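Taken in order, these protein sequences are the chains called A and B. Mapping to our numbering: the first sequence position 117 is 117, numbers consecutive. In short: position in the second sequence from 1, add 184, done, that's our numbering.
Treat each hint with caution, since some may be false.
[What the hints assert, rightly or not] A few chain A residues that don't get close to chain B, going by computed Cβ distances all over 12 Å:
| # | residue |
| --- | --- |
| 1 | 1 |
| 2 | 46 |
| 3 | 61 |
| 4 | 66 |
| 5 | 80 |
| 6 | 101 |
| 7 | 116 |
| 8 | 143 |
| 9 | 150 |
| 10 | 161 |
| 11 | 165 |
| 12 | 181 |
[What the hints assert, rightly or not] Cross-link-like lysine-lysine pairs, in silico, BS3-like; alpha carbons within 30 Å at most:
| # | chain 1 | residue 1 | chain 2 | residue 2 |
| --- | --- | --- | --- | --- |
| 13 | A | 86 | A | 157 |
| 14 | A | 168 | A | 139 |
| 15 | B | 228 | A | 86 |
| 16 | B | 382 | A | 139 |
| 17 | B | 539 | A | 153 |
| 18 | A | 83 | B | 539 |
| 19 | B | 538 | A | 80 |
| 20 | B | 382 | B | 228 |
| 21 | B | 228 | A | 149 |
No wet-lab data here; the hints were simulated from the structure. Everything numeric in this text was worked out from a predicted model, so none of it was measured. Note that the Cβ used here is the ideal one computed from N, Cα and C, for glycine as well.
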Amino acid sequence: MTEEIIIAGFGGQGVLSMGKILAYSGVMQNKEVSWMPSYGPEMRGGTANVTVIISDERISSPILNSYDTAIILNQQSMDKFEKTVKPGGLLIYDGNGITRHPERKDINIYRVDAADEAAKLGILKVFNMIVLGAFLKLKPVVSSEFMRKGLEKSLPKRHHGLIPENEKAVNVGKEIVQPIQVLK
Amino acid sequence: MKELRLMKGNEAVAEAAIRAGADAYFGYPITPQSEVLEYLMAEKPYERTGMVVLQAESEVAAINMCYGGASCGKKVMTSSSSPGISLKMEGISYMAGAELPCLIVNVVRGGPGLGTIQPSQGDYFQATKGGGHGDYRMIVFTPASVQEMCDFVPLGFDLAFKYRNPVMILSDGVIGQMMEKVELFEQQPRMTHEETIKAAPWATTGRTKDRERNIITSLDLDPSKQEKHVMKLNDKYNEIEANEVRYEALQCEDADYVITAFGSSARICQKAIDIARAEGIKVGLVRPITVWPFPKAVFKELSKKVKGILVVEMNLGQMIEDVKLAVDCKIPVEHYGRTGGILPSPDEVVENLKKKIIGG
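So here's chain A without its partners, still in its complex pose (with noise of 0.2 Å):
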């Protein structure tokens, strides 16, 4: 198994972090990781982008050109990754925003409106959270179990007490995804 992941969005929803939970995630399930960002001055208020590779094997290339899934979570990112997935790949995005929904025949599109859904809970801050549950309702590349574990990697040991509400809006990021278009 190996699943070649972009996750885009703005600069301060989380994308970076999203990305080193699944990463550290995979660590603890003992899979071959990494985790390669976008960085410089493109990331302070514009885009931010980070490919998440998990695999049971050793990692060639932490750069690529096509994901298995692509994780969008602004227009910009819609217009610079939809052409990146792989025929027959996945397409998760976010509504919020979005003034050109993708195009693509060739792929499975979910959609998650996380950002309503997070404003629904009153906690922002699980925005992405909400996302990577609905990824991981698609693509169960790390069990549940392991996701706690990771983090608690990922979290600095006095943030510890949110875990419960970030395992919370992965639930639900699970149950509010929907098929916009499945392939046969």
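Could you slot chain B onto chain A? The hints should help.
Chain B only, in chain A's frame:
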């Protein structure tokens, strides 16, 4: 049990320095290596092992603090990225001349000049062919994973002390910034004063009655003495070339063609090789782990059986010169590179293998 962590390359190099029993780190921030200094400041190794961490006023100051620390037989490290390493070059040449051990980490970014903060391998010539002035060499490791960023730190310190010579870890923005799983080695104690005297009898640890004073210098105005000194350094370099070559060869047994690349380029090329093999092209990968000393022998051997070599670098053609010398121009050696902070993609590598080596 060894400890598993998800870390950035920059963090791994910093944690490894503490665990290797380093006495001091002197640095100055620059993207994309600032996490080395940040990690060390946050980790407070002066409370863990007594290791000194200091943000110097400049890169020049940091390398000269290393000169001072190394003169006292201390395990010292500095790190920077390309423009900062250029500033350190005078100090590195002085350390090579004075035969001082030091570990220097270069997380390379695009140049020349201030260039860009994105990854590059444009500092290969600087690291392997001098960079500083004078007839000197530096052992240069090229990590291709976060694990190697960790592992080359204790190895680098060992070789720096064994040969009394600066050692460089030549990394880049990809390896520095990405996170991977790392198996950390156990904490090694820092050397005591007595152990330092034993391990570095040449160091300025305070003269005792039973020996002459130790002098650390790179200056000798008498040409006959200076020539003798440089020849002595040369003997040491020959010994290093004979004993410290490291490389990895993947899928070369049945290969018709070979791709060679170091550091993060080698990772990209591993994927390229998977793609090419799936198309039925028999291609292998040679990954030099030390680029000085350069693994000449493996290329010479391969030149007897393969039809051509593609050198892939994030520069416009630097390591290719060493490959051409190693194969004595007996088989075609071509180059593919991207620069300015752009990374080659696995597909581009396969396309260039077909165009420049198989078709050519």
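We went through each hint and held it up to the structure:
1. 1: holds (15 Å)
2. 46: Holds: least Cβ distance 14 Å, greater than 12 Å.
3. 61: violated (4 Å)
4. 66: The assertion about residue 66 of chain A is violated, with a minimum of 9 Å to chain B.
5. 80: holds (15 Å)
6. 101: holds (28 Å)
7. 116: Holds: least Cβ distance 31 Å, greater than 12 Å.
8. 143: holds (17 Å)
9. 150: violated (9 Å)
10. 161: holds (22 Å)
11. 165: Non-interface label on residue 165 of chain A holds, nearest chain B Cβ at 22 Å vs cutoff 12 Å.
12. 181: Answer for residue 181 of chain A: holds, closest chain B Cβ roughly 27 Å.
13. A:86 to A:157: Answer violated: residue 86 of chain A to residue 157 of chain A is near 38 Å, above 30 Å.
14. A:168 to A:139: At roughly 18 Å apart (the allowed maximum being 30 Å), residue 139 of chain A and residue 168 of chain A satisfy the hint.
15. B:228 to A:86: violated (45 Å)
16. B:382 to A:139: violated (58 Å)
17. B:539 to A:153: Distance ~47 Å between residue 539 of chain B and residue 153 of chain A Cα, so the pair is violated.
18. A:83 to B:539: holds (26 Å)
19. B:538 to A:80: holds (28 Å)
20. B:382 to B:228: Within the cut-off at roughly 28 Å; holds.
21. B:228 to A:149: holds (26 Å)
Of the numbered hints stated above, those contradicted by the structure are hints 3, 4, 9, 13, 15, 16 and 17, listed in ascending order.
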